[in-house]
Structures are given as structure tokens and as C-alpha cells.
Amino acid sequence: MAPGDVAWMLAPGAALVAACILLAPLGAQVLARGVVFIDLALAQVAACGVLLAAMLVDHPPLWLSSASAACAALLGAFAVWWLALRWPQQREALIGLVYVAGAGLSVIAAGFDPHGRERLAALLAADVLWEPWSGVALLAAAAAVVLAAGTTGRLRKDIMFYPVFALALSAAVPVLGLYLVFAFLISPALWVHRGVRIAYAVPAAVLASGAGLGVSWAWDLPSGACIAVALCLMGLCGALVRSR
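Each residue of the sequence shown is one higher than the one before, starting from 1 at the first, in the numbering used here.
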């Protein structure tokens with residue numbers, strides 16, 4: 001790898017590290033609560049907010065996309081919290097409906113944008129190889145907030161967890177896309193759920209995502225999809241190894 005290529009890979013590499021630190025602790029909380037659908041539901045609602053910003057403003061800056069995603073995700077988090085409080089027995093099914101509603105609204109919003117189909121595809125699996133430093137800074141800032149909340153134990157309370165989770169996804173979805181966000185949430189969390197300390201699960205996720213990024217660069221493949229597959233393999237290995 002040439003020196004120029006190494007410099008070029010710094011931003012995507014830093015984005016993956018920040019994503020692991022941001023999303024792995026939240027994923028562990030999700031598995032502990034038994035609300036896995038909330039990952040997809042709120043990520044999809046955040047994506048809907050990004051598409052809405054693109055529908056209203058041509059080529060919106062990252063801060064506007066993230067702000068729109070945050071508003072949508074906070075509304076989604078409130079809906080999930082209220083539904084879970086009102087009908088706890090049907091919680092997972094209702095969260096699934098929130099996901100489907102977000103997906104449907106995303107397709108509708110994309111239909112009003114001449115480039116909506118391309119934007120929708122990018123929100124599913126972003127091309128991390130071209131990630132700018134502004135995206136890295138956004139992920140790092142969100143990771144700092146999650147770490148601060150996690151170290152004080154406040155994430156165990158619903159009133160803190162749902163807003164922090166929504167804001168974290170609103171920062172991550174425009175940068176990483178839905179597939180990567182879900183993979184970063186669940187794959188390290190599966191290892192934590194099996195008894196591995198999160199201090200070890202996060203570096204493992206960094207290595208797995210780095211391997212996916214390397215495969216993408218070496219064979220000119222979509223980076224988001226390659227990293228997502230690598231993280232899925234990591235999560236599967238954790239489940240298989242610990243189940244023996």
C-alpha cells in the first residue's frame with residue numbers, strides 16, 4: 001500500500017473505530033433489554049429524517065441531515081417508549097410496525113427526490129471509503145456522549161437510554177448507513193451477551209470492520225457491504241464459540 005493510500009484510509013479507519021465505541025455499548029443495552037427490533041426501527045426512522053432533509057434541501061450539509069435524523073429519531077424513540085409502556089406484551093411487534101412505517105415513509109420521501117433512489121441505497125450501505133473527516137468528528141462527538149452516559153450508569157434508565165440511543169443513531173445513520181449501524185450494534189453485543197467483556201468486544205469489532213474495509217479496498221467492492229458482512233461473521237463466530 002502506497003503512502004498516499006495509507007493517508008487516504010485514515011478517515012474511514014477512524015470512522016470505524018468511533019462507530020465501534022459509539023454503538024457497541026448501546027447494542028449491549030439493547031440485547032440486555034430484549035428489544036432488538038428497536039435498532040432497526042429507530043435507524044430506519046432516522047434514515048427517513050435524512051431523506052426528508054434531502055427532499056426539502058438540495059444536497060443538504062451533514063449537520064442538516066443529522067439534525068433532521070435526530071428530530072425523526074427522537075420522535076421514533078418517544079413512540080417506541082410509549083408503545084412499550086402502553087402495551088408491554090406486544091412491544092416487539094409494535095416496534096416492528098414502527099420499522100415498517102419508517103421504511104415506507106422513506107420510500108415515499110425518496111419518490112419526491114430525483115436522486116432519491118441513490119440516496120436510499122446510500123442510506124442502506126454507505127461507502128465508508130469516501131468518508132470525510134466531518135463524519136468522523138460527528139461519530140467521535142456522539143461516542144463521547146455515550147461514554148459519558150455509560151460510565152455514570154444512566155443508560156440503564158429508560159428516560160436516558162431512549163433519547164441517547166436516538167441521538168446516537170441520528171449521528172451514525174447518515175455516515176454509516178443502516179446495515180453498518182445494525183451490525184455495529186449487534187455483533188459486539190453478541191460477544192458481550194455471551195460473557196466477553198466489552199473492552200475486548202470493541203477491539204474485536206474494530207479488527208473485523210478493518211478486515212472488511214481492507215477487502216473492499218483490495219478488490220474494489222462496496223465498502224459498507226463488505227464491512228457489514230465481516231461484522232456479521234464476527235457476531236456469528238462469537239455465538240458459535242461460546243455455545244460449545
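Everything labelled a hint here was simulated from the structure, so no lab data went into it. Virtual Cβ for every residue (Gly too), placed ideally from N, Cα, C. Where hints are given, some of them may not hold.
Derived Cβ-Cβ restraints for the label pairs, each shown as a range [as the list claims (entries may be wrong)]:
1. ALA211 / ILE159: 31 to 41 Å
2. GLY104 / HIS59: 17 to 27 Å
3. THR152 / ALA67: 17 to 27 Å
message: For the hint 17 to 27 Å, verify it against the beta carbon of GLY104 and that of HIS59.
response: Between GLY104 and HIS59, where Cβ atoms are some 25 Å apart, the hint holds.
- prompt: Per the hint of 31 to 41 Å, is the separation of the Cβ atoms of ALA211 and ILE159 within bounds?
  reply: holds, 38 Å
query: So does THR152 sit 17 to 27 Å from ALA67, Cβ to Cβ?
result: Between THR152 and ALA67, where Cβ atoms are some 26 Å apart, the hint holds.
Comparing the model with each earlier hint shows no violations; every hint is respected.
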